[in-house]
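S.K.: Chains A and B are the protein sequences, given in the same order. Per this note's numbering, the very first residue in the first sequence carries number 1; after that it's consecutive. Per this note's numbering, the very first residue in the second sequence carries number 322; after that it's consecutive.
No wet-lab data here; the hints were simulated from the structure. Here a beta-carbon is modelled for each residue, glycine too, at the ideal position from N, C-alpha and C. Heads up, a few of these hints could be off.
[Said to hold, decoys possible] Pair ranges (Cβ atoms, derived):
{"#": "1", "chain 1": "B", "residue 1": "Gly355", "chain 2": "A", "residue 2": "Pro308", "range": "39 to 45 Å"}
{"#": "2", "chain 1": "B", "residue 1": "Thr333", "chain 2": "A", "residue 2": "Gly298", "range": "19 to 25 Å"}
{"#": "3", "chain 1": "B", "residue 1": "Gln353", "chain 2": "A", "residue 2": "Gln244", "range": "50 to 56 Å"}
[Said to hold, decoys possible] EDC-like, lysine to aspartate or glutamate: derived pairs with alpha carbons at most 20 Å apart:
{"#": "4", "chain 1": "B", "residue 1": "Lys541", "chain 2": "B", "residue 2": "Asp605"}
{"#": "5", "chain 1": "A", "residue 1": "Lys220", "chain 2": "B", "residue 2": "Asp470"}
{"#": "6", "chain 1": "B", "residue 1": "Lys541", "chain 2": "A", "residue 2": "Asp5"}
{"#": "7", "chain 1": "A", "residue 1": "Lys220", "chain 2": "A", "residue 2": "Asp149"}
[To be verified] Pulled a few chain A residues facing chain B out of the computed Cβ check, cut under 10 Å:
{"#": "8", "residue": "Asp42"}
{"#": "9", "residue": "Val45"}
{"#": "10", "residue": "Leu195"}
{"#": "11", "residue": "Gln277"}
There are 2 protein chains.
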Amino acid sequence: MGEFDLIARYFTRPARHAVTGVGDDCALWQPQSGMQLAVSSDMLVEGRHFLSTVSAQRLGHKALAVNLSDLAACGANPLAFTLALSLPRVDEAWLQGFSHGLFLLADTHGCELIGGDTTQGPLNICITVFGEVPPGDALLRGAAQAGDDIYVSGTVGDARLALEVIRGSLSLDAELFETARLRMEQPEPRVALGLALRGIANACIDVSDGLIGDLGHIMKASGVGAVLTTGWVADSAAISPALQSLPLSRRLDMALAGGDDYELLFTAAPDQAHAVQEAANDCDVPVTCIGRISAGQGLQVMDIHGVPISRRFVSFDHFSS
Amino acid sequence: MGEFDLIARYFTRPARHAVTGVGDDCALWQPQSGMQLAVSSDMLVEGRHFLSTVSAQRLGHKALAVNLSDLAACGANPLAFTLALSLPRVDEAWLQGFSHGLFLLADTHGCELIGGDTTQGPLNICITVFGEVPPGDALLRGAAQAGDDIYVSGTVGDARLALEVIRGSLSLDAELFETARLRMEQPEPRVALGLALRGIANACIDVSDGLIGDLGHIMKASGVGAVLTTGWVADSAAISPALQSLPLSRRLDMALAGGDDYELLFTAAPDQAHAVQEAANDCDVPVTCIGRISAGQGLQVMDIHGVPISRRFVSFDHFSS
Chain A
1 MGEFDLIARY FTRPARHAVT GVGDDCALWQ PQSGMQLAVS SDMLVEGRHF
51 LSTVSAQRLG HKALAVNLSD LAACGANPLA FTLALSLPRV DEAWLQGFSH
101 GLFLLADTHG CELIGGDTTQ GPLNICITVF GEVPPGDALL RGAAQAGDDI
151 YVSGTVGDAR LALEVIRGSL SLDAELFETA RLRMEQPEPR VALGLALRGI
201 ANACIDVSDG LIGDLGHIMK ASGVGAVLTT GWVADSAAIS PALQSLPLSR
251 RLDMALAGGD DYELLFTAAP DQAHAVQEAA NDCDVPVTCI GRISAGQGLQ
301 VMDIHGVPIS RRFVSFDHFS S
Chain B
322 MGEFDLIARY FTRPARHAVT GVGDDCALWQ PQSGMQLAVS SDMLVEGRHF
372 LSTVSAQRLG HKALAVNLSD LAACGANPLA FTLALSLPRV DEAWLQGFSH
422 GLFLLADTHG CELIGGDTTQ GPLNICITVF GEVPPGDALL RGAAQAGDDI
472 YVSGTVGDAR LALEVIRGSL SLDAELFETA RLRMEQPEPR VALGLALRGI
522 ANACIDVSDG LIGDLGHIMK ASGVGAVLTT GWVADSAAIS PALQSLPLSR
572 RLDMALAGGD DYELLFTAAP DQAHAVQEAA NDCDVPVTCI GRISAGQGLQ
622 VMDIHGVPIS RRFVSFDHFS S
């Protein structure tokens, strides 16, 4: 099968909102008047962002999910995406699974494939996603204020837990492992929550490098410090049953520095606490308060008794791990 | 150097037109009211789209040029782009050259880097480019009309000529080889010509797969046939001095099926002939009439005496070569 047949068979669907869809030199798109565009691009490489053992369907889901997660972190509404795909060979079963997983998630969020590229080479998936947001409403990293509460959505640490089990450094009950593995291989982008937090949250980011690393991005961009509590790691909605089966110290590593969570990490003024919980309830996603933004510089991590922890938590960096 | 340092050092410049630039989860962009967005994405892989011997600066240029060429083919005005980069290792000299070549071309066309991604893996460059075009003004593949003249801009066949010399299947005077090699490694996207052809040309595409292959895309999308003359291969502005040094039959292969030219292949009604030449003069790019669109199906290639040629010209397909 040639490049053009491949595109036609697996990646061409009738244009819906796009003026022209897949198949011309460019896709044409008419943005809604007055809205800002939010654009994000992520590249996934085997061995770094996914394991060779992942199913094609879950990989198709994840490739789009990590991009939708960036839109969610900005409070942007997904519109469309492009897909560039480098494949070692044409494997029809793989392409069928990949495109199925991709389009299932795309349809859930009304996000249309409008163009892209396919070529032969080492497996590489690059998606660029477009969303829209009313001017001034986007959630940004640099908007945290001293005194803000810090929240995280859903559960953190599960993706890293699954990875450690696969690596053989931990063992886990088979059923619990499957729940953690699903979180690693098929994360759910918090698009609805990101939209619901517009006008409520101040700063927001999605947790991809690890909670502490991504909190560091907020602190740097906002020029603030933070105090992170850890009582919530002992017992809260942010820790899954799978992670709760681990001793507290291992749990702490996974939750604070695990990465690949694709949850929203955000800050909000204390008087928004009720609105935050209402937004979370409306979206059926738990949110947990995990600390507070401080006026100074630097991060203090407190143990469950409120005593500062001095050890380092190393987060994920694609060029230094 | 870690991922974030690398982005900061080589790929972060102050936002100009973008509301936020490189460094947040998404880039934010305010489109001009009423304009259509044109979006294109291309992925470049070593050994398929460039050779390992290419200089980093030329590669930075080419990675953006092939995307700008897609905007040119639609008559869209370049605005911004995202860059996703997978690198085997951090090589500062390479990054400096690559970003220099990239930004030189970007600045020439006022096209701003607004975001992207870097990761470790086999060398892979994925750029997604955004342009704007007034609604209804975009040049599309499907707009060719029976009776239209077919034109090509600049010169064709040089990139393939350089490749064949490097492969050792042809030899060429050193100075002529360098001119052909520059065309292969550092193609100039015909952005100004694409803009000038709005309202003049009917169908348009850029020549990446090879002239005959790309003409096939116009024919299929427009539901028309074509008659291609070849007298222009014997003597016209579309054949460079380098290619003219070859015997006619080899020249024909390179010009008609070489690929990687990034010239504009377009059609226009005969009464637009003067306007086409004026647009070309204004942009300082030669255009050559190379045939005519016909009402029937299929392509007829005529030899320089006007006799149909029956041999096949195989164009480039990323999965079947």
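S.K.: If a hint holds in the structure, say so; if it doesn't, say that too.
M.R.: Quick rundown of the hints versus the structure:
1. Look at Gly355/B against Pro308/A: about 56 Å separates their beta carbons, and that is not inside 39 to 45 Å.
2. Hint check: Thr333/B to Gly298/A, Cβ distance near 23 Å, so the stated range 19 to 25 Å holds.
3. Between Gln353/B and Gln244/A the beta carbons are some 52 Å apart, a value that agrees with the proposed interval 50 to 56 Å.
4. About 31 Å separates the Cα atoms of Lys541/B and Asp605/B, which puts this hinted pair outside 20 Å; it is violated.
5. At most 20 Å may separate the alpha-carbon atoms for a hinted pair to count; Lys220/A and Asp470/B exceed this at roughly 59 Å.
6. Between Lys541/B and Asp5/A the alpha-carbon distance is near 14 Å, which keeps this suggested pair within the 20 Å criterion.
7. The straight-line distance between the Cα atoms of Lys220/A and Asp149/A is roughly 17 Å, inside the 20 Å bound, and the hint therefore holds.
8. Because the beta carbon of Asp42/A sits about 5 Å from the nearest beta carbon in chain B, less than 10 Å, this interface hint is met.
9. Taking 10 Å as the C-beta cut-off, the interface hint given for Val45/A holds, the closest approach to chain B being about 3 Å.
10. Because the closest C-beta pair between Leu195/A and chain B is about 14 Å apart, greater than 10 Å, the hint is violated.
11. Given the 10 Å rule on beta carbons, the hint for Gln277/A is violated: about 23 Å separates it from the nearest Cβ of chain B.
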